[in-house]
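K.L.:
In order, the protein sequences belong to chains A and D. Following full-length UniProt numbering, the numbering of the first sequence begins with 1 at its first residue and continues without gaps. Following full-length UniProt numbering, the numbering of the second sequence begins with 1 at its first residue and continues without gaps.
Read the hints as simulated data drawn from the structure, not as lab findings. The structure displayed is predicted, hence computed values, not measured ones. A few of these clues could be false.
One copy or two, it doesn't matter: identical chains are merged, so the pair holds either way.
[Unchecked claim] Taking lysine to aspartate or glutamate pairs in the DMTMM-like style, the calculated list, with each CA pair at most 25 Å apart, reads: (1) K217 <-> E302; (2) K217 <-> E163; (3) K217 <-> E306; (4) K39 <-> D461; (5) K474 <-> D461; (6) K217 <-> E299; (7) K217 <-> E137.
Number of protein chains: 2
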Amino acid sequence: MTPEPLLEALRSIVGADHVLTQGKLCAWEQDWRRRRQGKALAVVRPASTAEVAAVVRACAKAGTALIPQGGNTGLSVGATPDDSGTQIVLSLTRMNRIRAIDRDNLTVTVEAGCILQTLQEYADQHGLLFPLSLAAEGSCTVGGNLGTNAGGTQVVRYGNTRELCLGLEVVTAQGEVWEGLSGLRKDNTGYDLRHLFIGSEGTLGVITAATMKLFPKPVADLTAWAAVPSMAAAVRLLGLAHQHLGASLTGFEVMGQFALSLVARHMPQLRVPFAAMQGAPYCVLLENADSESEQHARERFEHLLEHALDEGCVLDAVVAESIAQARELWHVRESIPLAQAEEGLNIKHDISVAASRIPAFVEHTDALLTREIPGVRLVNFGHLGDGNLHYNVQAPEGDDGKVFLREQEARVNRLVYDAVAQFGGSFSAEHGVGQLKTHELERYEPPVALAMMRAIKQALDPQGIMNPGCVLSKP
Amino acid sequence: MTPEPLLEALRSIVGADHVLTQGKLCAWEQDWRRRRQGKALAVVRPASTAEVAAVVRACAKAGTALIPQGGNTGLSVGATPDDSGTQIVLSLTRMNRIRAIDRDNLTVTVEAGCILQTLQEYADQHGLLFPLSLAAEGSCTVGGNLGTNAGGTQVVRYGNTRELCLGLEVVTAQGEVWEGLSGLRKDNTGYDLRHLFIGSEGTLGVITAATMKLFPKPVADLTAWAAVPSMAAAVRLLGLAHQHLGASLTGFEVMGQFALSLVARHMPQLRVPFAAMQGAPYCVLLENADSESEQHARERFEHLLEHALDEGCVLDAVVAESIAQARELWHVRESIPLAQAEEGLNIKHDISVAASRIPAFVEHTDALLTREIPGVRLVNFGHLGDGNLHYNVQAPEGDDGKVFLREQEARVNRLVYDAVAQFGGSFSAEHGVGQLKTHELERYEPPVALAMMRAIKQALDPQGIMNPGCVLSKP
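Full structure from sequences and hints, please.
P.N.:
Put into structure tokens, the structure is as follows:
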């Protein structure tokens with residue numbers, strides 16, 4: 001069947017300028033990490049919910065698959081087309097309005113294509129905080145954050161994107177609009193469709209807008225950096241931080257010394273505190289957001305760190321004296337992925353394990369990999385406050401990263417994910433399943449749960465046109 | 001078809017002692033508020049997940065409906081059988097073990113039949129907090145809390161039951177066990193089945209166990225009571241409290257003076273602060289749980305209240321000087337339902353509206369009801385911190401409550417729920433839909449959402465044996 005009638009229908013819905021079929025479309029067809037290169041029939045860019053609904057209806061009529069896409073910064077290949085040239089990329093970036101703010105209710109209603117950083121800045125200008133924060137915030141969209149249930153650096157206090165959302169507007173796989181926007185903090189009227197769409201990666205429908213929570217801005221934000229004698233000590237420090245700081249603990253990141261050594265090697269202009277310190281295999285970055293005063297925050301922090309030093313779970317620590325210093329510390333943490341890329345290609349993991357089991361998991365898996373691949377280098381860092389590690393695996397010193405990836409990736413993934421499963425963890429903590437990890441989902445998810453997911457997919461998208469092959473492999 | 005073979009099968013699964021068919025079964029057959037009297041084929045009391053699964057399989061084979069039941073304290077008739085004498089009540093109360101606590105991960109794994117208060121006390125004994133708290137806590141079960149997504153008095157800080165749950169163990173409608181227990185705070189592997197089962201009131205499967213979040217215990221818990229000049233002032237005070245106390249604000253309850261006057265009338269031994277104070281139509285109860293010290297909590301509270309007095313959104317306020325005084329204040333708040341019952345039968349509502357719109361909603365609806373039913377008395381109180389009001393309607397002074405209910409209930413519900421819908425609110429904030437409110441769900445839920453709910457029900461329970469007629473009316 002010729003696609004021309006569908007393309008004509010799409011042009012009449014969104015305007016010919018917004019149905020892209022010519023020229024370089026790789027910004028939409030290729031995922032951000034360049035793991036897959038697809039080929040779309042067209043990239044369609046609607047400007048309103050009504051246009052999205054009409055696009056979905058036209059595609060449903062033609063039996064054509066749709067791939068919803070936000071900023072295309074996802075890490076699991078969940079928003080790009082396959083290479084058949086038959087799928088439509090539905091780009092939401094023109095739907096980028098902030099529709100309304102309700103300061104007394106601490107909520108904001110925003111369209112799916114709004115850039116995360118735009119929303120952060122908008123909240124800030126209104127004297128409030130939108131706490132979701134992650135590396136791609138300058139280009140990822142709120143719709144993508146919701147579709148993948150993005151995490152980031154403040155989850156320990158504010159939760160994942162899921163926990164920040166009160167209501168959704170969704171275009172269903174039939175092209176109907178579900179008006180589920182809501183600023184309600186309590187609403188027990190039937191099944192929670194909101195949470196079903198959040199994290200479903202565009203496979204059940206298209207999120208077009210959302211009502212998100214806002215928070216009072218903390219008065220003071222302090223950052224500390226601590227050297228710890230072991231991963232177990234880092235977990236103990238987490239417990240103390242919960243106890244001492246309560247909900248003021250907004251960040252708790254762990255970094256292995258090898259990860260930090262890559263920053264020191266490739267970004268020599270950055271100062272890495274306690275780099276290569278004897279007996280300190282890990283450093284921890286803590287953030288303390290106080291609703292009272294900077295002085296109060298500093299006292300609480302110092303009290304915590306003194307207690308931790310006394311107990312021996314911290315060897316040494318610094319509290320940033322200024323915002324500039326705090327930024328420098330965060331900059332070191334955030335430079336790890338780039339430093340790692342400079343060092344060469346590597347095998348990335350985004351895993352979670354209960355915080356209490358992380359020390360045993362790391363000990364077990366470090367030993368396993370070192371035994372199986374002599375000389376392998378482990379770049380271990382992440383959001384320990386949420387039990388989430390980016391447990392990455394780098395080729396032995398001097399080896400070619402490309403060859404390492406080609407020869408070892410499948411094997412390393414199996415070793416790491418089997419270990420994660422053995423410790424009751426998740427093979428995808430915050431990046432989602434996408435096309436990249438459908439086989440991992442099939443391997444590790446209990447069959448009973450998989451069967452329910454397939455039944456739900458069939459119930460809400462019986463034609464199978466919404467992002468096929470993402471999350472669940474094609475039937 | 002004779003039910004005897006099924007009963008025989010059930011006896012062989014759980015033991016004859018735990019298949020109740022004789023004697024007075026109204027503790028299981030009648031809902032707590034005595035709105036409906038059902039008749040069960042049997043009450044079955046399994047002791048393990050395997051027994052629950054076998055019971056469900058036996059019922060599925062026989063095509064017999066199952067009504068999962070916890071403490072039977074629900075307020076929307078969601079856990080009792082119809083009057084056909086053909087349904088099985090599946091009582092979870094024998095499954096009441098706390099399976100494991102993980103202090104470093106701040107989680108506890110508990111069976112569905114565990115009494116809420118038992119879990120609260122268990123956490124307390126381990127130096128931790130399980131924050132869910134509601135009137136029925138001495139007899140409701142964690143499984144029931146999850147099934148109905150219970151709310152209560154600490155939602156403003158800790159969220160509803162949904163937000164406190166990390167993982168579930170569920171017996172599906174086919175009698176299979178989904179092992180979804182998990183202590184993970186980040187896990188983006190497929191559709192969120194957990195949130196689908198939470199709040200589904202036993203219509204999609206049977207929750208048999210859950211992993212729940214725990215929190216560090218606050219060091220100091222202070223309670224204040226403030227007289228406010230209007231509902232708008234109460235909402236302004238809420239905003240100030242968020243700003244000043246941050247996450248230490250754990251309770252924010254509003255009470256109308258008429259509600260308080262019923263407490264004064266029927267419980268003359270209780271002292272009601274600022275009772276009948278001129279120009280103060282509402283009082284607010286605030287709770288401040290501090291992770292630092294009592295002195296610090298008191299300073300923060302006084303700072304907040306001084307600011308609120310200066311702004312005029314508080315007319316007068318007291319901070320409890322002792323735990324005994326704090327308990328007295330809470331006791332006044334918690335005595336409202338009982339005082340109201342003493343005054344006579346009344347029409348109860350459990351509604352939510354965005355906090356910002358509550359003043360306009362109350363003004364509109366108070367005027368509407370007063371105009372439509374001269375002399376009507378409004379018992380307005382609830383969890384203003386969550387936008388949740390128990391906006392109850394009492395017969396005019398001297399009128400017979402029974403007659404009032406018979407003649408006015410349907411009309412009053414329509415007036416109130418239409419007003420709620422007009423203000424973008426929910427007709428069931430925390431009590432669920434049950435059998436009692438299925439027609440309200442059909443009336444107020446968008447048809448697109450209802451169709452998705454029916455499709456999900458059909459997908460996960462195609463036989464329609466799980467709590468039929470609850471949430472969704474029978475097809």
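K.L.:
Now tell me, hint by hint, if it's right for this structure.
P.N.:
Against the structure, the hints come out as follows:
| no. | hint | verdict |
| --- | --- | --- |
| 1 | K217 <-> E302 | both (22 Å within a copy, 21 Å between copies) |
| 2 | K217 <-> E163 | both (18 Å within a copy, 22 Å between copies) |
| 3 | K217 <-> E306 | between (27 Å within a copy, 21 Å between copies) |
| 4 | K39 <-> D461 | within (23 Å within a copy, 39 Å between copies) |
| 5 | K474 <-> D461 | both (13 Å within a copy, 23 Å between copies) |
| 6 | K217 <-> E299 | both (20 Å within a copy, 20 Å between copies) |
| 7 | K217 <-> E137 | within (19 Å within a copy, 34 Å between copies) |
No hint from the list above goes unmet by this structure.
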